[in-house]
Structures are given as C-alpha cells and as structure tokens.
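Q: Sequence:
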Amino acid sequence: MGWRLRLLGVAAAVVATAGLSAVPVMAGNSHTIVVPPGGSIQAAVNSAHPGDTIKVAKGTFHENVLITTDQLTLRGAGAGETVLMPPANDNQCGICVGIPFAPFTHMVSGVRIRDLTVRDFGGFGIFGFGTDGLQVSQVDAANNAFYGISRFESTRTVFRNNRAWGSHEAGFYIGDAQDADTLVEGNKAWNNDLGIFVRHARHVTIVDNQVWGNCFGVLVLDDGQAGGAGNVAIRENNIHGNTTICPHTDPDTPPTHGGAGVVILGADNNRVTDNHVSDNAAATPFAGGVVVLSSAFFGGHDAMSNTISDNELRNNSPADIVWDGAGTDNKFRDNDCRTSIPPGLCDQD
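Going by this note's numbering, the residue at position 103 of the sequence shown is 103; the numbering climbs one at a time, nothing skipped.
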C-alpha cells in the first residue's frame with residue numbers, strides 16, 4: 001500500500017540520519033535537559049534517560065528528532081515559540097517516536113510531547129509507531145505533507161488540545177491497532193484532506209474537537225485489512241463547513257471526495273452522538289452531514305451496527321444524513337435534522 005511504502009522510506013532515512021544507539025535504562029532521579037537556541041534537540045534526546053524532561057527554548061530548530069527512550073518528556077516554550085522545521089536533508093519526519101516498521105522488542109512507552117510547532121516536513125509532523133501511552137498536547141502541526149499528528153500500531157494514545165492544518169492526507173491519524181484505546185480531545189483540524197482519520201483501528205474516542213474546511217471532517221474507514229475498523233465514539237464535536245473537493249491521487253484514500261462532516265465507510269459498531277454538524281456540502285458521491293456507506297468498492301465491507309443519535313444537523317447537502325441502505329443494524333435515532341437520504345431517517349426515535 002502507498003502509505004506503507006512511504007513509511008518504509010521514512011524508516012530508512014530515520015535510521016540513517018539519527019545515529020541511534022540503545023539508550024540504557026538507568027536508575028536515579030529524573031533530570032531536566034535544556035536545549036538553548038541553536039542547540040540540538042536530538043543530542044539532548046540521545047543523552048536522556050527514562051523519566052527525563054527535555055526543555056527546548058524559544059526559537060527555530062532545523063532538525064528531525066527520533067525518540068526511542070521510554071518515559072521521556074519533550075517540551076517547548078509554546079506553540080509558535082519553539083518551532084521545528086526540516087533540515088537540508090529532511091527525512092520527512094519532524095518528531096518520530098519509535099522507528100517506523102523496524103523490528104522492536106518492546107513498545108516505546110510514556111513519551112510526552114507538548115508546547116511546540118512542527119511545520120513543513122515532507123511527510124509527518126509527529127509520528128508514533130509502536131508506542132504505548134504517547135501523549136501529544138498543545139502542539140501546532142502546520143503544512144506537513146502527509147499527516148500532521150499520527151500514530152500507527154500503538155495503544156493508549158492521547159492527542160489533546162492540538163491544532164493541525166495543511167496536510168494532504170490527514171490532520172490527525174489513528175491507524176493499525178485493534179485495541180487503539182486512543183483519545184482525540186479538544187483539537188482543531190482545518191484545511192486538510194481529512195480532519196481526523198481512523199483506519200484499520202478500533203476503540204477510539206473523538207470528543208470535543210472543532211473540525212472545518214477539510215474534504216471530510218472525520219472519516220472512519222474499513223479498507224479491507226483483517227480486523228476491520230470500528231468501535232469509535234464520535235461525540236460532542238463541532239464539524240462544519242467541510243466543502244473542499246479532493247481528487248483521487250492516493251490508492252489509500254477514497255475516490256474523488258469531499259463535502260462531508262462525518263463519514264462511516266464500511267466500519268462497524270461506531271457511535272456518532274451529540275455532535276453539531278452543519279454546512280458540509282460538495283458535488284461528490286460522499287457528501288453530506290453524517291454519511292454511512294459500504295466500503296466494498298474499496299475492498300472493505302458494508303457498514304454495520306452503527307448508531308447515529310442525538311446530533312444537531314443543519315444545511316448539509318445533499319442531506320443531513322446519508323445512508324446507502326447497505327449493512328444491517330444501523331440505527332438513526334433522535335437526530336435534530338431536516339433532510340435525509342433515504343427520507344425518514346430524521347424522524348426515527
């Protein structure tokens with residue numbers, strides 16, 4: 001798949017450029033390592049021990065950073081104050097936690113990243129692979145080519161109070177974990193292909209986010225991989241004005257698409273509740289407020305056992321709720337909406 005090939009390229013570049021050696025687990029008290037303006041974040045990471053905090057000063061740092069040390073905190077002076085940008089030999093990953101698709105004997109655990117900006121990288125702003133308990137907060141991810149803030153094959157992740165914009169695939173990505181146990185809370189995503197994207201993952205909560213100006217606001221996709229996708233709770237979000245049309249340029253994303261607030265594409269056992277979904281529209285087959293469709297055309301399955309309830313939907317086109325009629329046990333209850341395809345879904349209780 002295209003995204004795996006890209007990540008393999010990132011993995012090779014990360015290993016080649018980071019000069020990695022294993023960081024030994026050492027006893028003793030944790031320490032704070034300060035990176036001054038003009039200093040090296042990677043050098044600080046390489047010298048850190050589990051439990052240490054790396055405090056990065058205000059300024060712009062042109063480097064890629066790789067973290068493989070457990071229980072490490074990387075903290076800037078604030079989003080917009082501490083800024084990571086690509087070096088001349090950019091390996092496409094602003095901050096990588098874990099080495100993409102490399103064999104690992106344990107998951108990198110307890111890493112925290114906060115209060116900084118990652119921007120303009122050729123692949124990923126922040127990328128976790130094989131992590132347990134990764135937390136990213138108060139981070140701006142701007143104009144990173146593939147994903148702003150993402151995690152693959154990881155569990156117990158928290159993305160909270162971040163902003164992501166200008167990514168060609170997704171602002172926030174959660175993928176490849178049958179027990180993701182991931183929380184995406186209080187974030188803002190705009191001007192991406194997909195605001196928040198869940199693929200081949202289960203047990204994700206998406207709550208209290210603001211998502212606008214993307215092709216799709218939130219997408220949960222079963223693309224046919226074993227285990228499928230689902231068990232996602234999407235609640236109390238403000239999802240509006242997603243009207244952009246994105247051409248089909250990547251085999252890992254749907255055909256030409258856009259104009260949708262929430263899309264459940266072949267996924268199962270999701271709950272979409274108590275959201276405000278408005279003004280999402282575009283001339284594509286996937287448009288609408290909340291859209292529930294089969295992904296069989298994409299190698300996946302019919303959408304099944306999804307509950308769409310207690311949402312406020314306004315001014316979405318072609319309808320506030322769109323369902324293709326495929327799949328079983330999909331429920332539409334107590335939604336405050338005006339239009340649906342097929343008719344009558346707004347009237348169910």
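To be clear, the hints were calculated from the coordinates, so they are not data collected in a lab. Keep in mind that a hint or two might mislead.
Said to hold, decoys possible - Straight-line C-alpha distance at most 30 Å; calculated BS3-like pairs for lysine-lysine:
| no. | residue 1 | residue 2 |
| --- | --- | --- |
| 1 | Lys-188 | Lys-55 |
| 2 | Lys-331 | Lys-188 |
| 3 | Lys-188 | Lys-58 |
Claimed, not checked - Label-pair restraints from in silico Cβ distances:
| no. | residue 1 | residue 2 | range |
| --- | --- | --- | --- |
| 4 | Ala-57 | Ile-245 | 38 to 44 Å |
| 5 | Gly-78 | Ile-245 | 22 to 28 Å |
| 6 | Asp-250 | Ala-296 | 35 to 41 Å |
Bear in mind that the values here come from a model prediction, so they are computed numbers and not experimental data. Where a beta carbon is used, it is the ideal one built from N, C-alpha and C, also for glycine.
Q: Where does the structure disagree with the numbered hints, that is, which hint numbers, in rising order?
A: 5 and 6
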